[in-house]
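Given only the sequences and the hints, what does the whole structure look like? Please build it.
Residue numbers (my numbering), protein chains in the order written: chain A, 1490 to 1566; chain B, 1490 to 1566; chain C, 1490 to 1566; chain D, 1490 to 1566; chain E, 1490 to 1566; chain F, 1490 to 1566.
Hints are supplied without guarantee of correctness; some may be wrong.
The list treats identical chains as one, so a pair stands whether inside a single copy or across any two.
[As the list claims (entries may be wrong)] Computed list of lysine-lysine pairs in DSBU-like fashion (alpha-carbon distance at most 30 Å, straight line):
no., residue 1, residue 2
1, K1512, K1561
2, K1558, K1519
3, K1561, K1519
4, K1558, K1512
Keep in mind that the hints were calculated from the coordinates and are not lab data. Since this is a predicted model, take the numbers as computed values, not measurements.
Chain by chain, the residues:
Number of protein chains: 6
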Amino acid sequence: MSDTWLPSLRTATPQEGYDLAVKLSRVAVKMTQPDADARTRLREVYENDASALIAVSAVVATHFQTVAKANKYWADT
Amino acid sequence: MSDTWLPSLRTATPQEGYDLAVKLSRVAVKMTQPDADARTRLREVYENDASALIAVSAVVATHFQTVAKANKYWADT
Amino acid sequence: MSDTWLPSLRTATPQEGYDLAVKLSRVAVKMTQPDADARTRLREVYENDASALIAVSAVVATHFQTVAKANKYWADT
Amino acid sequence: MSDTWLPSLRTATPQEGYDLAVKLSRVAVKMTQPDADARTRLREVYENDASALIAVSAVVATHFQTVAKANKYWADT
Amino acid sequence: MSDTWLPSLRTATPQEGYDLAVKLSRVAVKMTQPDADARTRLREVYENDASALIAVSAVVATHFQTVAKANKYWADT
Amino acid sequence: MSDTWLPSLRTATPQEGYDLAVKLSRVAVKMTQPDADARTRLREVYENDASALIAVSAVVATHFQTVAKANKYWADT
Chain A
1490 MSDTWLPSLR TATPQEGYDL AVKLSRVAVK MTQPDADART RLREVYENDA SALIAVSAVV
1550 ATHFQTVAKA NKYWADT
Chain B
1490 MSDTWLPSLR TATPQEGYDL AVKLSRVAVK MTQPDADART RLREVYENDA SALIAVSAVV
1550 ATHFQTVAKA NKYWADT
Chain C
1490 MSDTWLPSLR TATPQEGYDL AVKLSRVAVK MTQPDADART RLREVYENDA SALIAVSAVV
1550 ATHFQTVAKA NKYWADT
Chain D
1490 MSDTWLPSLR TATPQEGYDL AVKLSRVAVK MTQPDADART RLREVYENDA SALIAVSAVV
1550 ATHFQTVAKA NKYWADT
Chain E
1490 MSDTWLPSLR TATPQEGYDL AVKLSRVAVK MTQPDADART RLREVYENDA SALIAVSAVV
1550 ATHFQTVAKA NKYWADT
Chain F
1490 MSDTWLPSLR TATPQEGYDL AVKLSRVAVK MTQPDADART RLREVYENDA SALIAVSAVV
1550 ATHFQTVAKA NKYWADT
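Okay, here's the thing in structure tokens:
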């Protein structure tokens, strides 16, 4: 994760902001479990676990709050 | 999810804002588990799991905070 | 849920705001599990599950934040 | 819960605000499980369950955010 | 918990603010389980339970939001 | 944890802010479980537990909200 992956919290639209929130939720997992093979194995587990999917959605919701505020809720859209 | 599904966070009423929060909570699940058949199987599980339903409600609550703020709490309603 | 159930986030008192937060926490459950009989069965489960009750309280807390802010914390009360 | 139990979110001190947050976290449990005997049985369970105690603390933290903001963080104290 | 343990949310530095957040997360546990021996037994459990430790960290994060805001993010530091 | 590890919430970029959020999420674990060997054992557990990784990501999301706000969302970037 040494390259620049988060140059700004600004996005052109709410939907791009949502995509950024999804990205923000995934990076913490990568930083905690850096082994790509281990993450692939875990993905097969949580993709089929309703509670895990809901928990992922909760993390996205928290990040989307941040991104939405950073973009002043895309008031002009 | 390539089409525009989130053009704006603005809604006419608090109730439409709540519906949008529900939608926002579901999209992250779809993006994490893109297979519709797998989601149908999981839905049968979490629809009958009290903890999962409460967890869904928690995600909606977080998104509703964002949508409500974006709409300045529908102060004119 | 097609009728108007959320005309406004405004309430006369903090306590009515809390009641609204409870309502907001329940609607997402209804929208996710629309079958009333299924919800009755689940209610018997989570009413007697300490973790589920605490999780319900967490959802109420999040919605109460929103309602309180929408009412400017009932500063005149 | 028909009487007035929440006349205001204002408290004289941060510590009283914290006590109010604890109260706010408990009322949702009472409203969801109105049977006092059932709550007593559940209390014996969650008092000895580390995860449940931490979950209670999380709910208090969310309500404390609300109460603190309503009191402008007791800036004069 | 009858003595004054929370005279103010102000701290001199972010780090002291973090320490206060840790304290705030612990007090709710003490108020819910007042028996010190019981808490000692529980501590041995959650100190060795990854999920419990992460849940503690989540509560600290929520309180740190409150403390940071009360201190205007220590903008002068 | 007696040294200064959190002199400021300010960071030059959003990405450094995210790194700080990760750090903030880890310190509470260290303060709750000060034994480094115990933490190493626990790390092997939660690195391979999808739910734990998602929970870590949730804590990071909460801290990132705080850090982002402290930095006014890096509006100039």
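Hints, one by one, checked against the model:
Proximity of K1512 to K1561 under the C-alpha cut-off of 30 Å is found in both arrangements, the shortest distances being 20 Å within a copy and 20 Å between copies. Taking the closest pair of Cα atoms, K1558 and K1519 come within 30 Å of each other both inside a single copy (25 Å) and across two copies (24 Å). When the C-alpha separation of K1561 and K1519 is checked against a cutoff of 30 Å, the pair qualifies both within a copy, at 29 Å, and between copies, at 26 Å. Taking identical chains as interchangeable, the C-alpha atoms of K1558 and K1512 lie at most 30 Å apart whether they share a chain (17 Å) or sit on different chains (19 Å).
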